[in-house]
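This is what each chain is made of:
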Amino acid sequence: MNPLRMPFWGVDAAWLFYLLAALAMACLGLGLWEKISLWRQGRRAAPAPSSKQALGPALADVLLGRRIWRGGRIAGLMHLMLLWGFLGLFLGTCAVAVDHYLISFLHGRVYLWFSAGLEACGLLLVLGLMLALARRWLLPVARLERRPDDTLLPLWLLAVACGGFMVEAARLAATAPPWGAWSFVGYGLAGLFPGPEAARELFPWLWWSHALVSLGFIAWLPWSKLAHAIAAPASLYLQGQPLAVLAVAAEEGDLAALGLRHLLHLDACTRCGRCVEACPSARAGEPFSPRDVLHRARRQARLKYSPLYRLPWLRGRRQALLERDRAAGWEDAWYCTTCRACLEVCPVQAAPIEMVRKLRAGLVEQGSAVPPPLMDTLEKLHRYGNPWVAKKGAKAAWAAGRDIPDLSRSGQEADWLYFVGCTTSIDTRAQGIARALSDVFTHCGVSFGTLGKKEPCCGDIARRLGEQGLMEEQIEATRDLLNGRGLTRLVCTSPHCFDTIKKVHPLFLEEGLPLRVLHYSQMLHRLWRQGRLTFDHPMPLKVTFHDPCFLARHNRIVDEPRGLLGAIPGLELVEMAEHGLNALCCGGGGGRMWHEIPGQANLAVRRLEQAAATGAELVVTACPLCLIMLEDARKTGGFEDKFGIIDLSELVARALRLTAAMDEEAV
Amino acid sequence: MKILVLVKNVPEVAEAELEIEQGALDLEDLEMVVNEWDNYAVEEAVRLTEAAGGDVHLMTLGGEDDEDVLRRGLAMGAHSATHLCDEAFEGSDPTTLARVFAAAVKDGGYDLILTGVQSADLGQASTGVLLAQELGLPHATMAIALEPGAGEVTVTRELENNTSEKVALPLPAVVTVQSGINQPRYVSIMGIRKVRKMTIEMLEAGDLGLESQALGREASSVAGQSLALPPVGEGAQMLTGSLDSVCGQAAAILREKGGLA
Amino acid sequence: MSGVLVIAEHRQGALREATLECLGAALSLAPSLGGQVTAALLADDPQSLAGELQGRAHGLKLYAHPELAAYNPELYLPVLADIIAASQPSLILMPHSSQGMDLAPALAGRLGLPLVTDCAGLSWSDGALSVQRNVYGGKAVLDLALKPAATVVATLQAGAFQAPPAGAAPTASDRTALTELAPRHARRFLEYLAGVVEDVDIAEADILVSVGRGIGGPDNVPQAQALAEALGATLSCSRPVADAGWLPKSRQVGTSGKTVRPKIYLALGISGAFQHQAGMNNSGTIIAVNSDPRAPIFQVAHYGIVADMFEVLPKLTELFKG
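Residue numbers (our numbering), protein chains in the order written: chain A, -10 to 656; chain B, 4 to 264; chain C, 1190 to 1511.
Hints are supplied without guarantee of correctness; some may be wrong.
[Claimed, not checked] Examples of chain C residues toward chain B, derived with CB under 10 Å:
#1 Ser1286
#2 Ala1293
#3 Leu1304
#4 Tyr1325
#5 Ala1338
#6 Thr1344
#7 Phe1378
#8 Asp1390
#9 Leu1420
#10 Ala1431
#11 Ile1453
#12 Ile1475
#13 Pro1485
#14 Ala1490
#15 Val1501
Simulated from the structure, these hints should not be mistaken for lab results.
Just so we're clear, the structure is a prediction, and the values are computed from it rather than from any experiment.
No residue lacks a Cβ here, since even glycine has one placed at the ideal position from N, Cα and C.
Using the sequences plus the hints, can you model the full thing?
Listed below in structure tokens is the structure:
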């Protein structure tokens, strides 16, 4: 006897099944259509760029679940079981359909292996679902929520899978085919039935209940978080694409101009909460959660642009929900430090860092929900080209008494433009970085100059605060100055300037000269490798390194500063619990250096608690904002007798025993 | 409601080091900004029309560069603007300025005329009230709240010692606005760009039917003026030493000067 | 055509002290002007308010009408116009107060008189007035010489002039009961609103502990409050603190808040933006604590401490607690 599949064995009224199946498919289709029409609108607002390069890594992330695995083995295992179990059953079902309607191929050995394969997939799925439920209820993971559908969805799927096994078991019990053992799970369960007659009698009940549960699941699928199965791969692929300059939202909280890329990010999120766990603001108990921002954005996008919400009987609900969101406001957007920790851990690369900027752009555009200290900051930036002082020409004061070429003037030449940055040139503590760095450059024989009093703001602060117009103005002013003087090689003090000049300026540089931008840690590292920077004096110190977010996470520069620290004889580097790409933010990014917000926590103190645990005598960083934040926290957090805070440039200058740098009271 | 707001461009001096040349302020290193009080007035006008409908018209008197102050107000939500610009206006005293404004305003049909209590530069706090007199309208100064009613407006005036008073003015009326009446919105660069193409009405003395002899220094009640920097104090005597020591010194000063036990 | 007319100011049954400062200025100017000083007091019951004016002006004109209980320019202007027409003063003085700012320009405009406001200094020579004004938020001083004029209206900066001692001038007073006021066609006084009851008037305090942006957040306010209590002082703040809502607006010192002149002003974590300085630089003794040695507050302070305010706060509190 040739083993073969027996469709609709023992079931009457197949027409009813087809009718219900058509209904379920209609539901599925409606859900997918809603999403696709939203995405299409997004594409009209801002099409997503595509390139083949991102395809490989995205596929690997999807099929191997690499990013999930990285954040937790059990989660990774669970997801792999669910993914492959589900995928196997899905492909199996497709194969059955092909076999039934098109070409019959499921017979003989093929069918036997096919059965065994599906058994394995079903088993994987069941085990994965049990693990998922256990992670919510038995050994709860703190970041996971317990919303109704978080429990209902796995239970439902479990009912689908177990129901399938029971149907199969009943059939095997009733017919006892000789190849039954290939369906090893069903075969094992067949013993539960008292005899073939009972199995035969129960079979239609089991079959129909399985059918209903399964069809119900299909209908629910696009409306549940399992829709991430479509959006997540797209999200992963698109995050690998280069940054585009976003258009500004038309009104407060309007996400219409989010574009395809961000709409896909919204649908990719499964609320796993890793972003909340990683977010320095949420961790410190501030009323901010990247997950909530994302889901509010998702709700807004749906309410405003979904074709379904245009139906007359949903209009009232739409209005009510929009009103509720409007009343809640979007002020929490100001808490984000733009540290990128959320994106770093997000399994689907969907965390809302660009979305926050978008929201801020909307708030800035609308004007009345900008916190007053930020208004002051933005107005100073606009009028005086710096966020600190309402005074012209404050940027050259740090260099008093130093003979540094002013490259903004014609006739002055140098190989490198040292772009000092607003904070480094104005803040009294951060000025130490500029002085130390210029001494080190001089010591190494680097030919460099600055833009003196004329140095513009690079536009980074305006960018982070969502002041798109100001950012553009400042970038254009910078570009004109650099082009006019033929300056193309830049070295920056601040990782923030570095990031914006490197990534955003080129988008505005169509007619300009190509820029080559380095952070000073890269520059010093290179000088050391070339042998132009050597450390002869031992410095017996135990130090720890605080990675600036815009150096490490945003630009993947973690080895260069450590290389330099390692080059100083006698210096011992001890790492904090969270370092490198996982470093905890000091709280100074995203414009937070310049404003106070209700419920604000001192994020830098939390970072210094980690530093204190290392027993280091000195906390080294490489960013003026980090330096100021940590220095303040050292005083307010009671760390003054524990360690000092120093910038890498200042440490290098001290290691070289450059006298000017010794004047700074860094330690 | 048809509202007129008078605004002024002033140099921002809060953090700047002033330089005086030949008895006048050297403006080279100073940025011109909207007078803080006028900014509150614009915000208040825009809010009133946002709530109840109507138009906000802006007016300034000044040089060509002072058009910025009107653009900024338009970006905040004002609907139109007039720029009174004529060399003949230079050196006018507030009484004359009020006459110029009156000539430009009188046929405007405004229900409410707002301006700041004072300007951050010379702080004379008189243009608004003088204009009311020129137009024969009722006025109230130091407004920290405005509630428009039927044919009148109720103004809460800030008085001294944490008290205030409520007065009612029949419309049309002139009200000068005190800082803190609201939180003015931020004006983004995009917002200013959006109003770049709006036409601003330019008027000279002749357009207003004013003779230049009746304007400027000739008509001013001031014969001569000169600006000087105030005498600089010695600065603080810095207490030095350990934390305990400086706190001890401070405590001694507190006891001596404050008569504390 | 001579002499100085001072428009007295009163509110809620009490004469405003700034009126006396105007009398002081008027009395010192009167000899060079060649005339007498007359105070005009318009009130519902002027006699009850006139006590402090006695002996501080040569003449006292009291005008009584129930409607004059509260200031209203609509009621004041016709009465004042009559007085001025009758006495032809060379100079009309009033405080640069919420009332003076409301009344002086209206009076000058109504009668077509030259106006100078917020004067910190006055002098008279050759039939013309010269004044000194603080401008640009107090960062510069403007000297103005007025053209000779029959009558000039001027308002005086609060605190710029001294009240004369009682008995500086023998006073002859006359009282006019006004039977009829010019018909009201415009502004109506409705009511006085008291500020928040629980709050204190920082302008009345002898000692102020004032905190700035350096306080960091509302959570740290109790620390400063503790010091204020230990010193028997009142807590005040700079503008950013009030803007952020960490302390009520009524506690704000500065040009947009209150002008204060306590015996001791202890500034903690206040950088000293000028609008703040302008509100406190006449304090008896100013002690400033700031971590930035270059903070502008040290330019107006008498004593300075470069330190973190959070270190100084507990130490000082400790020293005054026991």
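Item to complete: Compare the structure with the hints numbered earlier in the document and write down the numbers of the violated ones, lowest to highest.
Response: The structure breaks none of the hints.
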